[in-house]
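Participant: Sequence:
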Amino acid sequence: MWPRLIPTEKTDPELAPFRSGLVFGFFNALAWQIAIGTPMVLFCEQLGASPFQVGLAYSFVFLLTPLQIVATALLPRFGYKRVMLGGWAARSVFLLVPVWLAIVAPRWGVQPWMAPALVGSVFWFCFFRTIGASAIMPWLYAILPAKARGRYFGSDQFISGVAGVGTLLVCVLLFMQLSVYTALLIQYLIAVFGSGFSFMALRRLPDAENPPQVKLVELLRDTPRLMFRPSPFRSYLWLAAWYAVVSTPIPPFLAYYLKAGPALSAGQIMGFEVARYAGVIFAAAFIRRRIDQAGTRPFFLLTMVLYVAVGLFWWLFLNRGGGPTSLIYAAYFGLGLAAACWTVANLNYLAQVVEESRRALMVAVMGAVTACCGGISPILWGLVLKADNERGASINPEVFQVFFLVVVASVVVLSSLLARLKEDHNVEVDALVIGRAIFRPFRAATYLVSLIDLKAVARTTSGDSDETSARKP
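Just so we're aligned: the sequence shown equals residues 1235 to 1707 in my numbering.
You may find that some hints are simply not true.
Result set (DSS-like, lysine-lysine): computed pairs, CA atoms no more than 27 Å apart in a straight line [said to hold, decoys possible]: (1) K1449 <-> K1244; (2) K1315 <-> K1449; (3) K1381 <-> K1315.
Quick list of the computed label-pair ranges, beta carbon to beta carbon [what the hints assert, rightly or not]: (4) E1589 <-> T1416: 51 to 61 Å; (5) P1496 <-> P1346: 17 to 27 Å; (6) F1427 <-> L1651: 26 to 36 Å; (7) R1554 <-> R1316: 47 to 57 Å; (8) R1459 <-> L1561: 39 to 49 Å; (9) P1466 <-> V1647: 18 to 28 Å.
Just so you know, these hints were derived from the structure itself, not from any lab.
Think of the CB as a built atom: it goes at the ideal place given N, C-alpha and C, for glycine as much as any other residue.
Please construct the entire structure, taking both the sequences and the accompanying hints into account.
Facilitator: Rendered as structure tokens:
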């Protein structure tokens, strides 16, 4: 299997010059899974961060998404490679802050400034990651041969998924075998290692010609019209934004509550995260073979049914003061199923409601609006969920019950609206492809944001794919 996933001159000479991109995907997963995932949430809780601070840290990757649109204006001047390398190098520096905190916190004791320092490092990590991320997808479309793109993204998706799940499993073992701070120190050193090697892999990729100047004026002029003028796009945009508001706060606050409330171990919580990713992988494999025949609407509705089940389970769990661990694993698995169902269906349906002539702009608006709405939600909920107990900051379980009742009520209403979406099965459209996003369903919207038209880039490079494939890094 691995020889086919990592191409060589013998196994896949067309794709071999770009294997550094696959290596990048593997090592990059080691970094983001820790730096902006559940280990970061658990570290925040360990340093006494409030639910508001946790919600803020988790939201930065979403709230900074509009910066990704603005950053595309850098690409015509500096090129794909320089923008990407600059963003990835700068973000790596801020991984050293949590490494330092993991060293000094057990020696000095938890200090009031430590949680804000960690949250601040997450902000700057996400800031520079956002700038770099504006380049990656158009860069890959510009350098990959047309016939090799499918093979590349398929391998990339699998490799980054394996790396992401493997990182979670390593985190589980570290939390189970070591003290919390020692485990966190090793995890963040892994993140630094992954970020450094992903940077070196990027350096080996060939650059491409700078794209034409992007039209930020068109963005400022047309965005309000796309958001508020009646159209199938506008209708779906606000349904997707509502879904983002409902779904985005669930993973960070569950991890925070289980650590601060029932005081489950960090290893157990990371085990639940493994179950969530297992649900993502299972759903992705199941849906992709069936969505073309069944259409997107059944999978939107399946997403809503799963969220109702998850919301009711956690309401009962909180109401009764606990529940069997096996059911928690099942609830996390269901959460992963729901997130992946939505992501795949969303990428297919969105392609049907955007206009071909304004595809890049409309997709960027969709990504920015949904990501920002989703990012605001954990911050606002963090303000109302906060509580204090004898161990420090925590989540108010009564308010958390209300949160899940709101989730259930929202998805019930969303179900009725999604069921009315019009879908023409006779019109064939190419679903949006955003690489590794299927394994990051809660951040998939951020990968949609770019004013560089990927289809135009693909058409431009498809005519000279032989020349492109021969280009060496």
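Participant: Now look at each hint and say whether the structure bears it out.
Facilitator: Here's how the hints hold up against the structure:
1. K1449 <-> K1244: Given pair K1449, K1244 is violated - Cα atoms ~43 Å apart, limit 27 Å.
2. K1315 <-> K1449: holds, 21 Å
3. K1381 <-> K1315: OK: K1381 and K1315 at ~22 Å, within 27 Å.
4. E1589 <-> T1416: 51 to 61 Å: holds, 54 Å
5. P1496 <-> P1346: 17 to 27 Å: holds, 25 Å
6. F1427 <-> L1651: 26 to 36 Å: violated, 45 Å
7. R1554 <-> R1316: 47 to 57 Å: The hinted range 47 to 57 Å holds for R1554 and R1316, with Cβ atoms some 56 Å apart.
8. R1459 <-> L1561: 39 to 49 Å: 47 Å Cβ-Cβ, so the 39 to 49 Å window holds.
9. P1466 <-> V1647: 18 to 28 Å: Taking Cβ atoms as reference, P1466 and V1647 lie about 19 Å apart, which means the hint holds.
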